[in-house]
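Kindly produce the complete structure, drawing on both the sequences and the hints.
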Amino acid sequence: MSMSEEINEFKINKFTPSKSIYIEASAGTGKTYTIQLIVARMLAEGTPLKKILIVTYTEKAAGELKDRIRKKIDEVLQKGRIDKSEPELSPEQMANFRKAYQDVDNAAIFTIHSFCQKALKEYAYDAGRPFDMAMVDDSAVEDMVDQYIRDKWIEDDEFIAMLREAESTSTLIGNLKSYFIKAVDMYKGVDASGKEIVTIDEVEMPKLGEATLSLEELQKIAQAKNFEELVSTLHLEGHLKIFEENTGKCFTKKGTGTIPEFLANLKKWKKGSPLYDGSFKDGKCPQEDWPKDMYASFCYLKELKGFLSDIDKKVEKVKLHKFLIAHTPQLFDAWQAYKAENKLQSFNDMILSVHKAVMEPGSALKERLSAQYTYAIIDEFQDTNQLQWDIFSNVFQNFVVGDPKQSIYSFQGADVNVYKKATGEIGKKIDLVHNFRSTDGIINGCNALFSGNYFAPAEGMPELVKFTDSYPPEGENAGQKKKAPEIDGNEVRSIWLSEKDISADSFAATAVAHIIDWCSFREDGKTTRLQVFDKDYGKPGHDSVLKNVTFKDFAILAKSRSEMENIESIMRSVGVPYTQYKETNLFRSRECAEWISLFRAINAPDFSSWNRQLLSEVLITDFFKDVVAERERATRGSEQSSGLEELHYAESKEFDDPNNPERLQIASWRTLALKRRYAEMLERIYDDTQIEYRLMDVSRLQSMARLRQIGNYAIDYLYNHRCSLDDLIRHLQGLARYEESADDENGDLVEKGSDFNAVQVMTIHASKGLEFPVVISVAGFKQLPNSKPPYITHGKDESLHLGFGDTAKECRQREEMEEWKRLFYVDFTRASSLLLIPRYDVWYKSGGEKSGHFKHVHFLMDALENFAENSTDLYDSLLKKDQWVTAQEGIAEKANLVKDILARTNEANSNTVDLDKAITEQKVEIASLQGKIAGASIMQYSYSSLSGRAETPIAEADDSRTEKEGESTAEEIPVPGMENYPRGTKVGDALHNILERMRFMAFGERFKSLEDALGHNPNIETSELENVIEEEFKAQSLPIAAHKKEWTEITARLVWNTLHASLPVIEGAEIHRDATFRLVELPRNDHKPEVQFDINAYAGNPEDSGTDAPPAETEALAILHRVCKGFIDLLFVRGNDDDKRYSILDWKSDSLENYSDAEIKKKVDEDYSVQRVLYSYCLIQWLKQFYSKRADGSGKGLDEQQIFEQHFGGIYYAFLRGTDGATSKGIYAHTWKDYASLEKAYGEVKKLMSKKKKDEGEN
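Heads up, the final residue of the sequence shown is numbered 1259 in our numbering, and it's a clean run with no missing numbers.
If you are wondering where the hints come from, they were derived from the structure by calculation, not from laboratory data. Just so it is clear, CB atoms sit at the ideal spot from N, CA and C, and this is done for glycine as well.
Simulated crosslink set (BS3-like; lysine-lysine; CA at most 25 Å straight-line): (1) Lys366 / Lys50; (2) Lys809 / Lys182; (3) Lys305 / Lys225; (4) Lys421 / Lys466; (5) Lys241 / Lys267; (6) Lys281 / Lys292; (7) Lys253 / Lys268; (8) Lys305 / Lys220; (9) Lys270 / Lys281; (10) Lys50 / Lys79; (11) Lys31 / Lys429; (12) Lys1233 / Lys1161; (13) Lys281 / Lys305; (14) Lys788 / Lys1088; (15) Lys845 / Lys855; (16) Lys121 / Lys343.
Okay, the calculated beta carbon distance ranges per label pair: (17) Lys313 / Glu229: 15 to 21 Å; (18) Glu683 / Ala1222: 51 to 57 Å; (19) Ser787 / Pro274: 28 to 34 Å.
So this is what it looks like as structure tokens:
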């Protein structure tokens, strides 16, 4: 290939920093090296390093750039020139580089957020911002939305009308909250000129025929009760007249229907029924015999039939969107004001603040920044947006580097439209076109795949990407061309294309078979079947152009986490080691739960009484489990273990001895923690437990990496926040509750933890900027998820718009389809030697036509078909190798091959070296984690167990009401396998978390019978429930893999029985045994787990709490916070607006001798008497904010007794192991004689707490 004359290649000897330029760099063309050269040129011309600002997309990229620039400066100092084509530098210029080398650690290399954060911190006065701003996540606006719903909008006529007319109030409220949270995040307010940064579109009104209806017209149609009113409202007389004038015409082709019959059918219409119960299909009516105006009226009535089918929903939707559009700016301003008042800022705010400050006329911040930095180099420029470009273009002379073909982060605000606009403003373009990363086969194959119409925009979309070919190294760089891959010593093509109808499972099995086959050794025992070029060729120890492949040379790329499951499952089945790269759910992992258990044990002053369970918990974590298991097996005289024995052994008397080895270790760590020698504590934990070397097995590599990452993060957090272990535990619990969509992650939270010999599995988004010898793309076999409003779109003038309607949704989908094209470009160009591409069967119908369900990949299907037909010299066919996975002997054969591969590559020694390297690297890199949590620490934490108990039960029968009559006498039916079901806190937490994730009503609708939940009904899908159970058991280190079927079935049984159990209705002081309800009857928005009553309880003087809560409430919550951590398992509400009853329920997994009412009451009286008092009292105090008289005179003016009588719905305890879906068995229900009795009981709790404080020396 020869290059186009239009290409303006980058030459360092022609570069001058006197004018802004943009550099367009395709994949593998040396973008980072070019930035190194630009910085070197600037240094040579006398610009100090500290005057050069470099901004890139991620912290990882910023760190790598700093390392690369350091190496470049070092190289210049050694060779005396910038590049081999450049002349020698003068002594003055060399002095510039020596000074830069000293300053490189402080080089101004940032992400956009860290740059803005630094600017606001250093120049807070110039930016008009406080100096000490704390970080908050914008999703916390949910609390403000709740407040507005409760306090402000409840008096808004439009809001009240929506509530009154809604088909489901809970659904309306849920939608309102989720839409507002997204809208406030997307809407950016106004700029310095007062213009909206993101314009909110007007309400999209429905159309009927050619007419766009107003809300008033829409409501009139919805109010029509019969056909006469419909005719009057819509003026249908003309349409009907046309049919009446043609009564002689047939209405159906078969001649069985007449026009009079059709008209008579129409006139029967009543609201709620279909308009005409026959068919409006064109093929069944003889339209060719009708006059044109008759057919037009037919089409109108046909449209009207569909229009009327959901008319009420149309009205509700319009009113909802109208309300959202009207109140989004108001809510945004209120949220911004709240953050400003409380000295809080989000990541969005940092950019908005800098933008506003530098765009103001005579900006002091602009003057400061332009004086601080002479030049700005913006890396990954395709991932910028208008706000960011406004900042840089208004302040600096810019050198931007990017590739619009790799713009794939629109969900994070990146805007490729800005790239096109900005590069047009800059004008001067330089190209990087030589690919130094990949083989000729990859380069030429990708040119063929992505040329032609691949990037051609869909109709109505602007052209944002113009593809240009890349080229192998030429001329003086021709020696850097990469050698093609070889199999068994024979050169093969770099792209392998599957058959056209391969299934996802078949492709996964075929890919795994090739991984194993290619990593296997040839007869010489020295070379693997597949060999690829060695990019380190020429360096010491790298004497051959080609190298053997190992598992870590393979990368599997997917669009979403769900697309990884097929191939991961097959790799697990044969023992192929793999790791998930850039794992975003790190803090929801089992390893995080184990660190929490360990820190709780270290934090415990002793292991007596209640704290004994903390010791049991930590003994079954990976820190101690192997040692405990070995000792338990020795005691039992058996070499086998199911994992359950260790669970029970951890609770044995052996560990009650303070001189037990494990307890002595924990005590030594506690001593270091008390002295705040946290780093030393961490190293002692690793050294004492030898956990890193016990997790050396290839199947545990991912676990070991996560464990080390979380441990380093925890220590970093302790030092940075000068906090206690208790604070750290709460923080980790909060992060464990922070959820993020797997499809919408950028992978920047946690980077690669190790360089072990394992296949790397990741999303395409996470792979950006990386390269791999072999890439296996599995993306594209999942349908697109249904997105919900609001939507960010671009107007004709490229301005940003925020819309809620169908037009905005369709526009957003079209824009996303364009991004999918760029996504697959990133996907395929990660490969340097070999690329495997599937052509999935689900993309096509049975006749070979394209499936409408996969329109989002039609462009890819076209490109692959064209490539298959016209580029036969550039690819090999990937034939199916999937039969082995269906036979046990085939799986066993592959597993043995994997073992042989690992043995031959001396895996154990390799992993030891890799482990030490990983440990060293992570100690340096983990510090960057702290700034990447994006406010996750503000999430609530989960504590359900009572940590302090009264010596005698508080408030016995005289003052409390419990369901005592008619105690359960039914014979207990033993649950199969329960004797092997785990006991203790771990399984309790797992069950608690499973129930927390359940949507009660949806659960009841799906699993109407216990058999359905147990998977005995082939028509009912149970995989989602089973996955939740497995995830939560694994998170608690419970060995569910060895007991999956048995434990999953028992857990599903417990959950179904609990959610279907009959709970007696409690109304104030009365428990109605004859009136019951079930939790599955509660809509999603009527039950809320993990409630803290939104009060920041203070454990000291209530007057110092910093809240506006009533003193009684604050004091009660302070005690609740002290005794049981202030969190409620479940708050739910029943009844209508005038008679709402609020109740609290606590899940209990206690193992009792039996679950009779008497036994359960005894258990609650002994262990939870303090808790039930505090729950009841805090619930009443919390309800006062709704029903008592407020300071402004509003409110219903009820006192505590009236609130108790009219809105208190009681306290429930559900003993999970004893519930029965057909009865109230296992349920404890409790109330009080009156509020005075509850207040008396609360007084006893206060006395108890005062005594505890005195005993603990806390006066």
